[in-house]
Amino acid sequence: MTAVAASAFVRGSPLLVRNLTVRYPGLETDAVAGATLEVEQEKVVIVGPNGSGKSSLLRAALGLAPVSGGEVYVLGKDVRTIAGETAVSTNLEEVYRLMTLPVDRLISIWADLKGGTEEEIRRWLDDFGLNSVLHRPLFRLSTGQMKMVGNLLALAFSPRLVLLDEPFDNVDFARRRKCIELLLRSDAAVILNTHELDLLHSFPSWGLYFMFDGQLVGRFQAGDIDRLYVNRGARTDALASFRTNIGTVSVTLDRGDLPMKSAANLSYLLDRIA
Amino acid sequence: MSLTIPYTRAVLTNWSIWFWGVVFMAFWFVLGAYVFSGGLTPGRAAEVGYTSAWFSVIALFSLTTLSMSIATSITYGTPALAFGFRYTRLTPTSYALSLTVAAAVMALLLSFVMAAVVGTLFSAHFHATILPSNLPAIVGISLLAGAFMMGLATTLVLVVVNHLVPRPPAECGS
Numbered sequence: 001m002t003a004v005a006a007s008a009f010v011r012g013s014p015l016l017v018r019n020l021t022v023r024y025p026g027l028e029t030d031a032v033a034g035a036t037l038e039v040e041q042e043k044v045v046i047v048g049p050n051g052s053g054k055s056s057l058l059r060a061a062l063g064l065a066p067v068s069g070g071e072v073y074v075l076g077k078d079v080r081t082i083a084g085e086t087a088v089s090t091n092l093e094e095v096y097r098l099m100t101l102p103v104d105r106l107i108s109i110w111a112d113l114k115g116g117t118e119e120e121i122r123r124w125l126d127d128f129g130l131n132s133v134l135h136r137p138l139f140r141l142s143t144g145q146m147k148m149v150g151n152l153l154a155l156a157f158s159p160r161l162v163l164l165d166e167p168f169d170n171v172d173f174a175r176r177r178k179c180i181e182l183l184l185r186s187d188a189a190v191i192l193n194t195h196e197l198d199l200l201h202s203f204p205s206w207g208l209y210f211m212f213d214g215q216l217v218g219r220f221q222a223g224d225i226d227r228l229y230v231n232r233g234a235r236t237d238a239l240a241s242f243r244t245n246i247g248t249v250s251v252t253l254d255r256g257d258l259p260m261k262s263a264a265n266l267s268y269l270l271d272r273i274a
Numbered sequence: 001m002s003l004t005i006p007y008t009r010a011v012l013t014n015w016s017i018w019f020w021g022v023v024f025m026a027f028w029f030v031l032g033a034y035v036f037s038g039g040l041t042p043g044r045a046a047e048v049g050y051t052s053a054w055f056s057v058i059a060l061f062s063l064t065t066l067s068m069s070i071a072t073s074i075t076y077g078t079p080a081l082a083f084g085f086r087y088t089r090l091t092p093t094s095y096a097l098s099l100t101v102a103a104a105v106m107a108l109l110l111s112f113v114m115a116a117v118v119g120t121l122f123s124a125h126f127h128a129t130i131l132p133s134n135l136p137a138i139v140g141i142s143l144l145a146g147a148f149m150m151g152l153a154t155t156l157v158l159v160v161v162n163h164l165v166p167r168p169p170a171e172c173g174s
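Residue numbers (this note's numbering), protein chains in the order written: chain A, 1 to 274; chain B, 1 to 174.
Isolated chain B, as found in the complex (with noise of 0.2 angstroms):
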């Protein structure tokens, strides 16, 4: 059994992830771009270096959207998991697999959503074309953000929910 799709179209589908880690990043990179680069040395490194700092710190950020999701979604779902490794053919690998599918290809998608933004806003002010380097490394780190921040998520809910919860000592499952 997966839940692999259902949990990616979920993710895509989230307007908070793509209000917060997209409108809300875009707002930022509008002010690095137009506001906080008025005392930049100019030249072709020193923008492309303060470009790629921007794009690495707003990437970050955008992706912490992604994990919070997670996590409330984790934290929403409690009852449904507790039943659903009981009673129905949910196991916890399966489930945890759909999620880190569906954070990575969110994470990757947020990743280029945030590289073009970024692109299109400094190239503009600068008169340059500055653009990602390397493709594949965005592609790879990207999907690697997106398990970590799944893992991340999950760690921190299960943290909160096992031991600072109080709980009575022989409490049935999860």
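The following block holds chain A by itself, in its conformation from the complex (with noise of 0.2 angstroms):
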């Protein structure tokens, strides 16, 4: 083990990544190409173009994603071997096909298996109004309804570390509002992936990264959004600098080529300086 990861061991960090390889079965390329994070107990969003490798990243804290180099670990385990570990959740519609079930009764299983209680996801569901849902499974809810579900069953059962992949994808206004307010009320570590720069709006405390091409770049703070430029080719004032397919780009403070707030997604932001 590491100097780093032995202390993130006796510190039991929620999460600590270190030079992080994922590579799919059949792809010439790293889907996550040594990606090195560590969170504390704090609430970081990363933020990147659709495949980039934020949900790679994510999956690999699962133990979903096929790691082909680098080491992670989970409130201080390595991800190979923890088990029986209840504190950690996701919003992944896929963990959750254990059978296929109404959503009341998937909620009663997991509460059982996380080993919490019904009544706070039960509220939650009133109050995002989805009593609707229950006595249907996952594969037949609408797009948003199983995305704001798995959203709601990662925040119930007081979990540690909460991992979130594009949780407002194809949620109405409405919800996305009650769910911000849930994810900032919340006591756990929060990692949420987005490809919506617009979000960051809503979460200015939180630490940012940004993933281009499988490299992790930052860190940010969430709350210097309108600040942050993005520039074509290295800059010796820039807060960070990465490879992608148009060559080195670079993200500077205040001054730049391109605000990082004109462009509601960062695939349309590289188009733009490409």
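Worth flagging that the hints you see were computed from the coordinates, not collected in a lab.
For every residue, glycine included, the Cβ atom is placed at its ideal position computed from N, Cα and C.
Incorrect hints may have been included.
Footprint (simulated), chain B over chain A, 3 or more residues, beta carbon under 8 angstroms [unchecked claim]:
| hint | segment |
| --- | --- |
| 1 | 57-64 |
| 2 | 77-86 |
| 3 | 90-101 |
| 4 | 106-115 |
Both chains are given apart, each in its own frame, so use the hints to dock them into the complex.
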């Protein structure tokens, strides 16, 4: 075990990722290419275009992605050997497919598996106007409903670490606001993936990372999003720089080629500076 | 933590098993009783032997639908299991036991339904009562068959997932 990993083990950091490489069978390139990330008892958001490796990073932390190099420690334990750690949760729909069940029974079983109680999530479902989904299995829900049920299952049962993959995709505005409030109130460490830059204004105190072509770039502050600029090529005043398929791209504060706030998502931003 | 009741309930309410394991097999029983029995030598021993042979073969085929259903369930739930064993109180042992019990209960039910269907159809055709003579044996063998089908399905899925799907050298987890 390395020194960093050993210290994380002692402290029980919610998540420690070191030089992580993920490559899916049959593919020529790495989905995650040497990412390093340490999350303490805090909340961070990872922003990146579709296919940048954000979901693969979360899946690796959950033991669902093919890790070809590096280390992942969750709550101080190696993800390859961790077992029975109920304080970690996610909104990924695939982890709730233990069997085909209506949401109502899925909640009961999940409460039992997590060692928690059902009252809180049932109250949330009522508050979110989602009682109509209770008698349908997940695969029969709309994409937005499925995402919201996943979000609520992830936040329920007192987790210490919540990994959320695109939690607001296809979710309507009112439920988005409610979900953001829940996230802000949560005591858990949260890692939230998104490709929407606008969302960062809702989480100004959160840590911020960008992900491009499997590389994790950061750390920044989400509240600084309006002050960040993207530049083509390396710059001496860059806070961070990374390689993309259009060459080196750097991020600067308060001045630069293109303000981050000028685009709704990073794909559009990269297209504009290309 | 036990998933025995939820799994048993899920298997018992699986329409696919009921259709392919009962309705489709009943179709073959009809053929066995009324179409393929034309050349059978008349006589009690031949009729009982013929009926028994059909029951043995079709009951086995019926249980293979259970096996396929279990294999599909495990394959479909692979990410959930990888997550569940790490981040819930679910253990591989309790999961396997729950699935085995569910399979055994369904196998018992399928065997009884098959015995009832074959008894009814062949008795009607031969104008004689032909029923299983050793019910306890049917119960025992059915339960064992369910457990065997669960083991077979799980083994096949594990072989495919772990050895036939290409994986990188240092993959995390199961």
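Going through the numbered hints above, which ones does this structure break? Give me the numbers in ascending order. none
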